[in-house]
Amino acid sequence: MKFVIQRNQLIASVQDVMKAISSRTAIPILTGIKIDARNHGITLTGSDSDISIESYIPAEEEEMVYVEEITEGSIVLQAKYFSEIVRKLPEQTVEIEADSNLQVTIRSGKAEFNLNGQDAEEYPHLPKLQTDNSLELPTAVLKSMIKQTVFAVSTMETRPILTGVNVTLKDNKLLFTATDSHRLAVREMNIETVNMEEINVVIPGKSLNELNKILDDTDENVEISVTNNQVLFRAKHLNFLSRILDGNYPETSRLIPDQSKTTIHVKTKELLNTIDRASLLAKEEHNNVVRLTTKGNDLVEIIGNSPEIGKVTEEIAVSSIEGEELKISFSSKYMMDALKAMEADEVKIDFTGAMRPFIIRPEHDGSILQLILPVRTY
Amino acid sequence: MSIQKNKARIIFHIDMNCFYASVEMAYNTDLKGKPVAIAGNPEERKGIIVTSSYEARAKGVKTTMPLWQARKLCPNLIVMRPNFERYRAASNEIFRMLFQITPYVEPVSIDEGYMDVTEVEGNPVELAYRIQNDIMNNLDIPCSIGIAPNKFLAKMASDMKKPLGITILRKRDIEKKLWPLPVEEMYGVGSKTAEKLRAMDVKTIKDLAYKDEYMLKQAFGINGQRLKSRANGKDLRPVDPDAVHDFKSIGSSQTLPHDTTDEKEIFHLIDVLSDNVERRLKRKEAAGRSIQLMIRYHDRKTITRSKKLPSYIEYKEDIKNTALELWTKNWNTEPVRLIGVTVQDVIEKKNLAEQLDLFTYEKEEKKDKLYSTIQQLSNKYGKETFKKLNNEEEKDSEFLRTSFQKDFLDDFRK
Numbered sequence: 001m002k003f004v005i006q007r008n009q010l011i012a013s014v015q016d017v018m019k020a021i022s023s024r025t026a027i028p029i030l031t032g033i034k035i036d037a038r039n040h041g042i043t044l045t046g047s048d049s050d051i052s053i054e055s056y057i058p059a060e061e062e063e064m065v066y067v068e069e070i071t072e073g074s075i076v077l078q079a080k081y082f083s084e085i086v087r088k089l090p091e092q093t094v095e096i097e098a099d100s101n102l103q104v105t106i107r108s109g110k111a112e113f114n115l116n117g118q119d120a121e122e123y124p125h126l127p128k129l130q131t132d133n134s135l136e137l138p139t140a141v142l143k144s145m146i147k148q149t150v151f152a153v154s155t156m157e158t159r160p161i162l163t164g165v166n167v168t169l170k171d172n173k174l175l176f177t178a179t180d181s182h183r184l185a186v187r188e189m190n191i192e193t194v195n196m197e198e199i200n201v202v203i204p205g206k207s208l209n210e211l212n213k214i215l216d217d218t219d220e221n222v223e224i225s226v227t228n229n230q231v232l233f234r235a236k237h238l239n240f241l242s243r244i245l246d247g248n249y250p251e252t253s254r255l256i257p258d259q260s261k262t263t264i265h266v267k268t269k270e271l272l273n274t275i276d277r278a279s280l281l282a283k284e285e286h287n288n289v290v291r292l293t294t295k296g297n298d299l300v301e302i303i304g305n306s307p308e309i310g311k312v313t314e315e316i317a318v319s320s321i322e323g324e325e326l327k328i329s330f331s332s333k334y335m336m337d338a339l340k341a342m343e344a345d346e347v348k349i350d351f352t353g354a355m356r357p358f359i360i361r362p363e364h365d366g367s368i369l370q371l372i373l374p375v376r377t378y
Numbered sequence: 001m002s003i004q005k006n007k008a009r010i011i012f013h014i015d016m017n018c019f020y021a022s023v024e025m026a027y028n029t030d031l032k033g034k035p036v037a038i039a040g041n042p043e044e045r046k047g048i049i050v051t052s053s054y055e056a057r058a059k060g061v062k063t064t065m066p067l068w069q070a071r072k073l074c075p076n077l078i079v080m081r082p083n084f085e086r087y088r089a090a091s092n093e094i095f096r097m098l099f100q101i102t103p104y105v106e107p108v109s110i111d112e113g114y115m116d117v118t119e120v121e122g123n124p125v126e127l128a129y130r131i132q133n134d135i136m137n138n139l140d141i142p143c144s145i146g147i148a149p150n151k152f153l154a155k156m157a158s159d160m161k162k163p164l165g166i167t168i169l170r171k172r173d174i175e176k177k178l179w180p181l182p183v184e185e186m187y188g189v190g191s192k193t194a195e196k197l198r199a200m201d202v203k204t205i206k207d208l209a210y211k212d213e214y215m216l217k218q219a220f221g222i223n224g225q226r227l228k229s230r231a232n233g234k235d236l237r238p239v240d241p242d243a244v245h246d247f248k249s250i251g252s253s254q255t256l257p258h259d260t261t262d263e264k265e266i267f268h269l270i271d272v273l274s275d276n277v278e279r280r281l282k283r284k285e286a287a288g289r290s291i292q293l294m295i296r297y298h299d300r301k302t303i304t305r306s307k308k309l310p311s312y313i314e315y316k317e318d319i320k321n322t323a324l325e326l327w328t329k330n331w332n333t334e335p336v337r338l339i340g341v342t343v344q345d346v347i348e349k350k351n352l353a354e355q356l357d358l359f360t361y362e363k364e365e366k367k368d369k370l371y372s373t374i375q376q377l378s379n380k381y382g383k384e385t386f387k388k389l390n391n392e393e394e395k396d397s398e399f400l401r402t403s404f405q406k407d408f409l410d411d412f413r414k
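Keeping their order, the protein sequence lines are chains A and B.
Residue 135 in the UniProt record's numbering sits at position 135 of the first sequence, and the numbers go up by one each step.
Residue 15 in the UniProt record's numbering sits at position 15 of the second sequence, and the numbers go up by one each step.
Hints listed in this document are in silico derivations from the structure and should not be mistaken for laboratory results.
Each hint should be verified, as a subset may be incorrect.
Simulated DEER-style distance windows between Cβ atoms [as the list claims (entries may be wrong)]:
no.	chain 1	residue 1	chain 2	residue 2	range
1	A	E192	B	E348	54 to 60 Å
2	A	N297	B	Y27	57 to 63 Å
3	A	E314	B	R170	49 to 55 Å
4	A	M156	B	F267	30 to 36 Å
5	B	L309	A	P28	36 to 42 Å
6	B	P335	A	I161	46 to 52 Å
7	B	S191	A	G310	41 to 47 Å
All of these numbers come straight from a predicted model, not from anything done at the bench.
Even glycine gets a Cβ: it sits at the ideal position worked out from N, Cα and C.
The following block holds chain A by itself, in its conformation from the complex (with noise of 0.2 Å):
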């Protein structure tokens, strides 16, 4: 195997593949990152069996040559090293030659490390998942859903389902929807042309963060693909694997509620703003709770309280009050996780009792929705 490669793709691929691999792993190889090199480019892979990527890098592209002098074969190289290496190479050529003693050259400039490959034949096979059953999403609008949705995963083991965000496709919408059991996030898009059935899947939440990180802004679509066990984002030049998370996911359209008693319509920054500061003096042993307080019909008291630190209390003034008058506890971090989701100038709030979960929503959009539980105080 051997191929000249421009370092800047080297380097951007290498960063992506390294995403999937963890240095603990029960598979030693997988410690490595997999080059395949063939006569019409090169594909770095890295995986660490719940995640695989694979980065490819075209040998031409746009009248752009990126790889030349192919010889075609594989290797897998220590991905720690290799990619240290990469980032630090002096020229902007770099070529890597393996002799079939697995013996790996890497030549930038003046510049000669040799490094210990591996054989790629012992490099487990990504299963291959086929593409016609398949979804197609602009790139922006998944890596919305993404991030509105994902934080609100749980992070803990004790019910392994709730780590995931629940994905689902059903008459042509399709539904994102994250919950640790104390507050819920669900995001949800209209799909127009699907050549699909329905899907059901509960994608690990770790894997979302990671594919978001990877996916960049663009306006072009990525197919998502499902199978039994795997979920497939393939995007231009770039393959991201996932496990699906075995289990039931639990039915949570039935727990948010249909009516409203207290109804407050806010800017959405403006509140955000507030909440933050109040939870500096709302801290982690407390839950981070704080308390909010409906004043008439235009005024709303929040108020951030440790005993053994001090208290901040700040009035804001809200666009209006609908309904009840209403004292309710809840944590300030979820509310701002929830605020920062919104992606919109003004929210609507749906308080349903102190003890009942609240809905906000952006105030003309329906497509998003954040429901927290409160807390109770005694």
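Following the hints, position chain B against chain A.
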């Protein structure tokens, strides 16, 4: 509430004389002049004297003495089971009277407390007599009062003359009144400490006052320094009316009727103790985050082992399971004499926020209507309108728990 510092203070220590026995005598005047003792569980070995009247004490009956021994010393001893509700009511009434004089009252237990009367107008000695007479006339309960510039000296003073004593202990009286006393009579010196002190050739409070500070610190740590300065009449602790609000742990312990290796018996005891702890947590409307198990073996060797939990607990089952886990891990299979179960890192539930759960909130919600009604009525009529019932409010038949003396303080916590 804070008290102005840097000013000579006048502190009272008020100590009810033979409190439980006095309350019983006030209830039933026929008992007056007779040897009366209050004991935990008269039938069993663990039945011990909790308190006794002066008539009984004259015959040698002492607190913590086993019942059989007391009966031997005083055959006509009248033994009664404790009537906690009576004591609680009497105590509440006494402290209510004290709080009318000044807000700076610090209840210490059911039958004693400190008062800072520096700001109270009038002659302090006359005030002390007035308090003593009022308690005697209204409740028929004798008390002794110590008058001193700080809490330690006031406490020592109230002890000097009983019953119905009023003792003034000024700094300049220390040499004559305090220093000659054997060191074990000093407040804060228990039998263990006294033993160690005697080994260091400290026999009287005066010896302690002059003892080398470094040696004391080596033997007793910071407490050594504290004891020395107390012996010199120094004590800077203010009378803190809020002190009753501080509690960090709630526990219950019990001696077995006989030393045992029978795990069934021990499991049963742990069950009973966990039940006690749950009840006391409920009373305080509190929850805790660690559990400590104390095991005292037949040879008095005592170990304590604890476990910190990820979340606050308040229910018997959780307390018991953690205690049993500690038992299984730590018991060395030798015969056991006493078991104690304690919840630590205790906080009041009103300071504890409970994050509701999406999948269970509807269950909680059923209680919601009740809570909000309680809230509304409490806002209207005051916080005391509703209190959660403890299924069995301290029943007289319950065996005595030393903790009762401290639990009574809850009445001042609202």
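Right, here's what the structure says about each hint:
Range check, E192 (chain A) to E348 (chain B): about 57 Å between beta-carbon atoms, so the 54 to 60 Å window is met. Range check, N297 (chain A) to Y27 (chain B): Cβ separation about 60 Å, and the 57 to 63 Å hint holds. For the pair E314 (chain A) and R170 (chain B), the supplied restraint of 49 to 55 Å holds, since their beta-carbon distance comes to about 54 Å. The hinted window of 30 to 36 Å between M156 (chain A) and F267 (chain B) holds, with their beta carbons roughly 31 Å apart.
One distance hint, 36 to 42 Å for the beta-carbon pair L309 (chain B) and P28 (chain A), holds here, with the actual separation near 38 Å. Separated by about 49 Å at the C-beta atoms, P335 (chain B) and I161 (chain A) satisfy the suggested range of 46 to 52 Å. Checked against the hint of 41 to 47 Å, the C-beta distance between S191 (chain B) and G310 (chain A) comes to roughly 45 Å, which is consistent with it.
The structure agrees with every numbered hint stated previously.
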